[in-house]
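Colleague: Let the sequences and hints guide you as you build the complete structure.
For the sequence shown, the UniProt record's numbering gives the first residue as 1, with consecutive numbering after it.
Be a bit skeptical, because a hint or two may be false.
To be verified - With a straight-line cut-off of 25 angstroms between C-alpha atoms, the simulated SDA-like cross-links for lysine to any residue are:
id, residue 1, residue 2
1, Lys34, Asp21
2, Lys60, Pro74
3, Lys34, Ala22
4, Lys60, Leu47
5, Lys34, Leu4
6, Lys34, Ile15
7, Lys34, Leu45
8, Lys34, Ala18
9, Lys34, Phe8
10, Lys60, Ala72
11, Lys34, Asp9
12, Lys34, Ala55
13, Lys34, Asn46
14, Lys34, Asp7
15, Lys60, Asp50
16, Lys60, Leu45
17, Lys34, Asp5
18, Lys34, Met16
Simulated from the structure, these hints should not be mistaken for laboratory data.
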Amino acid sequence: MVGLDDDFDQLITRIMSAAGDASSGYSGFRSEVKPELEIIQTNGLNLAEDTQSGAAEIAKADYEAEDVYRGAWPDIPEVNFGN
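Modeller: Pasting the structure below:
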């Protein structure tokens with residue numbers, strides 16, 4: 001998500017240079033869309049940061065609980081089906 005608005009600017013600039021006389025509409029399009037792309041970029045970065053924070057919290061909880069973890073069904077005795 002980083003650089004999304006910059007990539008969009010570069011794309012529109014290249015399109016405008018190739019469009020010649022038809023390039024006038026792209027300037028307005030850029031002005032209209034750029035604020036929305038900035039919001040999308042910010043939301044994407046926030047989502048990535050929140051996901052990373054959640055993963056860190058899960059890892060921390062797992063680490064803190066490793067000494068007391070007894071399995072999914074700790075009170076059910078194991079059954080041997082062998083000998």
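Colleague: Run every hint past the structure and note whether it holds.
Modeller: We went through each hint and held it up to the structure:
1. Restraint check for Lys34 and Asp21: the C-alpha separation of about 22 angstroms stays at or below 25 angstroms, so the hint holds.
2. Restraint check for Lys60 and Pro74: the C-alpha separation of about 22 angstroms stays at or below 25 angstroms, so the hint holds.
3. Proximity of Lys34 to Ala22 is assessed by CA-CA distance (about 20 angstroms); at most 25 angstroms being required, the pair is judged to hold.
4. For the suggested pair Lys60 and Leu47, the alpha carbons sit about 20 angstroms apart, so the restraint of at most 25 angstroms is met.
5. Restraint check: the Cα-Cα separation between Lys34 and Leu4 comes to about 10 angstroms, which is no more than 25 angstroms; the hinted pair holds.
6. With a CA separation close to 15 angstroms, the supplied pair Lys34 and Ile15 stays within the 25 angstroms bound.
7. With a C-alpha separation of about 16 angstroms, the suggested pair Lys34 and Leu45 falls inside the 25 angstroms cut-off, and the hint holds.
8. Our distance criterion of 25 angstroms between C-alpha atoms is met by Lys34 and Ala18, whose separation comes to about 20 angstroms.
9. As the CA atoms of Lys34 and Phe8 are separated by approximately 8 angstroms, the hinted pair is consistent with the 25 angstroms bound.
10. The hinted pair formed by Lys60 and Ala72 meets the criterion: a straight-line CA distance of about 19 angstroms does not exceed 25 angstroms.
11. Between Lys34 and Asp9 the CA atoms are separated by roughly 8 angstroms; this keeps the pair inside 25 angstroms, and the hint holds.
12. Straight-line distance between C-alpha atoms of Lys34 and Ala55 comes to about 32 angstroms, which puts the hinted pair past the 25 angstroms bound.
13. Proximity of Lys34 to Asn46 is assessed by CA-CA distance (about 18 angstroms); at most 25 angstroms being required, the pair is judged to hold.
14. Between the alpha carbons of Lys34 and Asp7 the distance comes to roughly 11 angstroms, so the proposed pair stays at or under 25 angstroms and holds.
15. Pair hint Lys60 plus Asp50 holds up; C-alpha atoms about 15 angstroms apart against a cutoff of 25 angstroms.
16. Among the hinted pairs, Lys60 with Leu45 is consistent with the structure: their alpha-carbon atoms are about 23 angstroms apart, no more than 25 angstroms.
17. Proposed proximity of Lys34 and Asp5 is supported: the alpha carbons are some 7 angstroms apart, at most 25 angstroms.
18. With a C-alpha separation of about 15 angstroms, the suggested pairing of Lys34 with Met16 holds against the 25 angstroms cut-off.
Going down the numbered hints, you'll see the structure goes against just number 12.
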